[in-house]
Amino acid sequence: MPVRPEEAGPRDLFGPGSVNCGGCGMGLSLKLALEVLGPRTILTIPACCAAVSVGAFPVSAVGVSVLLHAFETTGATIAGVRAALDVLGVAGVEVVGWAGDGGTYDIGLQALSGAAERNDDVLYVCYDNEAYMNTGVQRSSATPPGAWTSTTPLGKPLEQPKKDLLAIVAAHHVPYAASLSAAFPEDFRAKFRAARAVRGFRFLLVHSPCPPGWRADAKDTVRLGRLAVTSGVFPLVEVRHGRRWRITVEPTFSGLDEYLDLQGRFAHLTNEQRARIRAGIELQWEELRARVEARPRAEERSGAGQATPSVRPQVPSSP
Amino acid sequence: MDRGGGEDRAGTILAESSAREAHAVRELRFHGRGGQGVVLLSKLVARLYFQAGKHVKEFPKFGVERRGAPVEGYVRVSDQPIELACQIYEPDAVAVMAESILDQVDVTAGLQPGGMLLLNSPHPPETFRSRFAGFRVATVDASAIALRHGLGTPLAPIANTALFGAFARLAGFSRETVAAALQAELKRPERDRRAALEGYASVRPAVLLPGTPQRPPSPPPAFRTLEELPDLAYSLRDARGVRTGTWRSQRPVYRFKVAPCHARCPAGNDVRGFLGALAAGAVDRALEILLETSPLPGVCGRVCPHPCEDECNRIALDGAVAVRAAERFVAERGAEPRWEVPPRNGRRVAVVGSGPAGLSAAWQLGRRGYRVVVFEAAPEPGGMLRLGIPAYRLPREVLDRELARIGGLGVEIRCGVHVGRDVGVEALVRDYDAVVVAVGQQGDLRLGIPGEDAPGAFHGLSFLREHHLGRGVRVGEKVIVIGGGNTAVDVAGVCLRESPTRDVTIVYRRSRAEMPAIPEEVDQILDEGVRLVELASPLAVETDAAGRVVGLRCQQMELGEPDGSGRRRPVPVAGSEHVLPCDQVVFATGQARSLPWAHDVEIAADGIHTSLANVFVCGDASTGEGTVAAAIGSGRRAALAVHRALGGRPEVPAPSWAPQVEEILRAERIHWAHVEPQPRSEPPRRAVEQRLRGYEEVVGSIADGAAEARRCIQCGTCTACDRCFVFCPEPAVIRRHGTYAFDLEYCKGCGVCFEECPRGVIDMVEEPA
Amino acid sequence: MKPIPAAADPRGVRELLTGNHAASYGAMLAGNANGGIVISAYPITPQTDVVKRLSDLVADGTLVNSRFIPVESEHSAMAVLIAASMTGARTFTATSSQGLLLMAELIWWAAASRAPVLLVNVNRALAPGWSIWTDQQDSLSLRDAGWIQYYCASNQEVLDSIVLGYRVGEALRVPAMVVLDAFVLSHTAEEVWIPPLETVRRFLPPYRPQVKLDPDDPRTFGGLVVPELYPSFRRKLDRALARVEALEPAAEAEFARLFGRTYRAVEAYRAEGARVMLLASATPARTARVAVDRLRERGIAAGLVRLRRFRPFPAASLRRALQGAQRVAVLDRNVSLGGEGILATEVKSALYGAPAPRPEVHPFIAGLGGQDITVETILEIFERTLGAARVPEEPVWLGVLAERASAGAPVLPEQEEGVCR
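Order-wise, the sequence lines are chains L, S and W.
Counting in my numbering, the first sequence runs from 1 upward without gaps.
Counting in my numbering, the second sequence runs from 1 upward without gaps.
Counting in my numbering, the third sequence runs from 1 upward without gaps.
Among these hints, one or two may not hold up.
[Said to hold, decoys possible] Restricting the straight-line Cα-Cα distance to at most 20 angstroms, the calculated cross-link-like pairs of lysine to any residue (SDA-like) are:
1. W:236 - S:51
2. W:236 - L:58
3. S:187 - S:90
[Stated by the list, open to error] Stretches of chain L that chain S covers, calculated by requiring three or more beta carbons in the stretch to come under 8 angstroms of a beta carbon on chain S:
4. 21 to 35
5. 214 to 224
Quick caveat, the hints were computed from the structure, so don't treat them as lab data.
Quick reminder that beta carbons are idealized off the backbone N, C-alpha and C, glycines included.
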């Protein structure tokens, strides 16, 4: 594909001309991801916003190989690409699945589990915008409690917490799994690099604000991503071999109200409901810290697994 | 497309159609952008006809909707049941939600000559004479109406209901049916109803524009034969042909702003610039930047009251950047630039006074090639810097080094020459091309209270001058200093060091908060043991029979309403007179100008020009602002005025390094999430007992000036921090060699760059820009 | 698991193999001929032996440079193979019944992706009630999806059809399904020649697609297609399938030359001068030979046509084969519920354009859910066809319980006393 002569860099691999919405968190994440992944990448995309964003035949806004495939098949599809590359003797290619939360938490969970359990040498990225956005904002099992969607008109019941997908994947004991956000680009890049540095099944859960679906201003995409992390709503962690958990960005546990206020999908919440969301965050962090501390002794004795590379925690550095 | 026989010909008649040319509306098309509510518009129109008993079909363009991207809605109307299930290709009327769409979509596609076009536009239909020749065009300023009724924002008005009202009027519906349709489609229709009725009332009737329609040529088909098509849908080219920039209703622009520190600096220092260089480790460059505007960074780095720090946006986070300490750091660590004495331009300028204003004027003139002679009445140069400010605040070697720098330009300082007494201004005017008068304020302002001239009563400036000239001023055992300014504080500090008993009291008629002295200096002398008596107004110096000072009679005050200076005015408390015992009183209650000419010379409003040709004035002699920084700024302006008067290229004394300086950047525009909290560096201070042993400098230097400079947010300027580039989701920010530009072909105007710029460099402006 | 000994006989090695294992060796030969293959499968009775043997062959290195991906569902198996095929690999899977239907979404996907996956389907009836025995309902219900479908009558044909299927399918970039009957072939051992790899190599070139997922030629596959272009893509796929008719005869001829075995999309048996013919597919078409022989012995001019390839439907060949017959009995081991047997519909459709006199079509439905089809079953079909007074309006269901004589009033389930006796 022709390269823009005046500017080498991410523009070669993503855009311009992608038809995602202005301020799309997924588009931003894909751009940042491709910067790290580089041109020797095969990307697979199931039914989701990203499949539309790359553009309609005969154009593509993505400069690497892309296979668009059926909704529920990401785990299997990337396994198939990797198997073919192995059989064909093609080395040095990263195989990356790029699926939404619907295609991962819900309909694609089985194929994800299959690929994770087989430890196929692939990188599965789930960009999590917390509902079926491409079809017009229907709830998914990634939708946070309290959030309005077109199928939870009164807000998703608070008794239905967001599925802890990272823990589910970690329970497959895959070599590397992490949660990340484009609002923390250094952490984001570090985790993509860390994922690339190991072989086997790697899983990245990318928090991906969706201004139209969250009923938010397009300009606030990064701000929302940042607030989700600093407020503790979306922890940035990594876990190796399903056992060694590490928090990479310590939240300040502030800004929850600002986070909720910026989004129309939470506009209906009462103070009591907000308090329950806050309590849910506390509980989530209690569990998380217990996991971090529960690093197995047997593994330490055996010295299994390489040292966790240091990921600079951030708030991005001062100007 | 065969639309079927003569079916459903009888539609509603557009009200504005002439009777002769009755125009049946059968098929309607609505253009808008994703998120503008075009679907609601077509639903409302369908509802109108439905209420009227017509048969209708209403449908969107079947496809993917993206916010900002062009979208369409359709309505088909008939008196008969509608059999047609195909899409609409040849509408009878078209309504357009935003004028900006006209450049992106052929809104007249399929519209027959004479077809109706309703545009959301503030312009009359005739404006579109050339563009829509051959069509019937009506306009309504639906966006303005929407905003009047609180629908949407200026950058994204929700104009659908106002446009709906306009359409309903053109189609001959009543106001009541408009309201009914809104009632049926909306949960809370009040604002929309008002907007629709205003659109109804204010639509400009359709005008048939003369001429024949211009049709853009239809693009060639992408594929002509089955064989040209690939076996499966794989991409054949990149997406650069998809101009997503057309979705945009607002665009980002890079606009540099003035940093508040700079705006507030009386010397006009590029504070942000020198801190930026220092932060980057370029301390030499930082010094160069400072020397652009001031020859006295070492002085200002010690004695400036630093109003820049009062304005620093960082106060909102964790305290102002320690600009003064950073300036001192730069003056100490920066390598002296190797000044090449500029080629002489043959002009000679006399500067009267070698205080900061005179030195500043001499510095700026010397750098522009003038031969400058500075006349100084005192035996040594420096003016107040030498004779007013105690050495524990400003070591004399610091001053000497800066004088040497100025001298290095070839500026000559003649000390011991009192202009006005030893040589007249007239003589200077004769001998020099220009004269800059920078004599400061040498006269003591008198309070006019009894006993002011008693033995043991002094005036502050005279006291300091005598002291600094080494003339052995007597300091009593119990000293009272009257005043709240820096002179009072300096006098108190000197007295403390000279007095055997160290019993020094400052008496001030307002409270400490109102003291004009630099707060740190007040803190410092209070630490050292000076007492402060607030809210005491001197009434008289009490003397004994021998005429010696024995006390100060004061009146207790309380704070009333604010006065013209904004400070609360002290008002006497009745019956509160009392005497503070002392054996010495120093009045530090202000200074007065004493200009070196006898007759009246007027100073112009700019504070620089005078009524004498080629005679200029600057510093305290002109403005009376009383700070070194103000004197430096004033001296520079005087130098530039001289330069201009003598035929030099005009220079703007204001900040001038950025092309688009429009406004001061305030803290609301700072993106604090990008600023890591970092406490302000405080310079070390000598212990009190050490201080009182002499005149060693009290305040030290900060250890890491660069670290402190990194606290500077660089408000309003681009630091190439990359955030706009990194966070643009498109990507539509182009970065080349550390500079940035927006790729407006593809920028969707989402505003993430605007929101994420840490220092407010990016603004969003409405399209079309 | 014994390694296959090196072949001295040019026909290869003569073995006693079940249909499932014949499929395994077919896939092995195709894989080794290509220098590698991606296999992905999920177990289901009665297909399991196919992939069990293949896992062994991969594990012991007989199948070189290959990957076997044991997925968590048939759906994923097909997803793996579509992706692998689009990356340029030769691909294989096997399934059956419910497994095939779980794949259904991706069966369509594979064809429109132009991914020449080869799938062995063991024909098994659909639940409920549970049945593990053979009928053709599973594969025929996916007849419209754009796959080549071969219905095999012997274990040798299973092996050979895999080799042929790759050759034709990959040349046209369409997927191929090789179908064998549950148990009747899948678990029945027969004599099978496993041809030498060298011969297979000469017949079957490696799969090297021009356009594929390739970092050196980055493209996006499967993007949104606007309504203006979608029909043209469907038309192209349909044209590719139609080209099987043109391509296959040459492949069959070369196959016959190299391997000594001949296959045709439509195979006639004792058709010369036949007045009544049976159209059948898969193993019943072999049993039917015995029945035809007996009828001929009795002087009845009976003949047989076996439909080996169901898609693309060989309408012209079929018309030629049936020319001259007065009556054609069609044996369907499937039913399009609410309609008739699927073959019957297709045959009628094929004959619609045939020149008069056209044979009458007598549709029969038999052998569902593994009900055995015997010589007597076939003879009954011939007898009822010959004895019919007129062309029947409905298919005749064989082997089902009789309806109550008082036809007309529907029999409600609770009234069905004695049905189970």
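A quick look at each hint next to the structure:
no., hint, result
1, W:236 - S:51, "violated, 48 angstroms"
2, W:236 - L:58, "holds, 16 angstroms"
3, S:187 - S:90, "violated, 33 angstroms"
4, 21 to 35, "holds (count 9)"
5, 214 to 224, "holds (count 7)"
Violation of the numbered hints given earlier is confined to hints 1 and 3; the remaining hints are satisfied by the structure.
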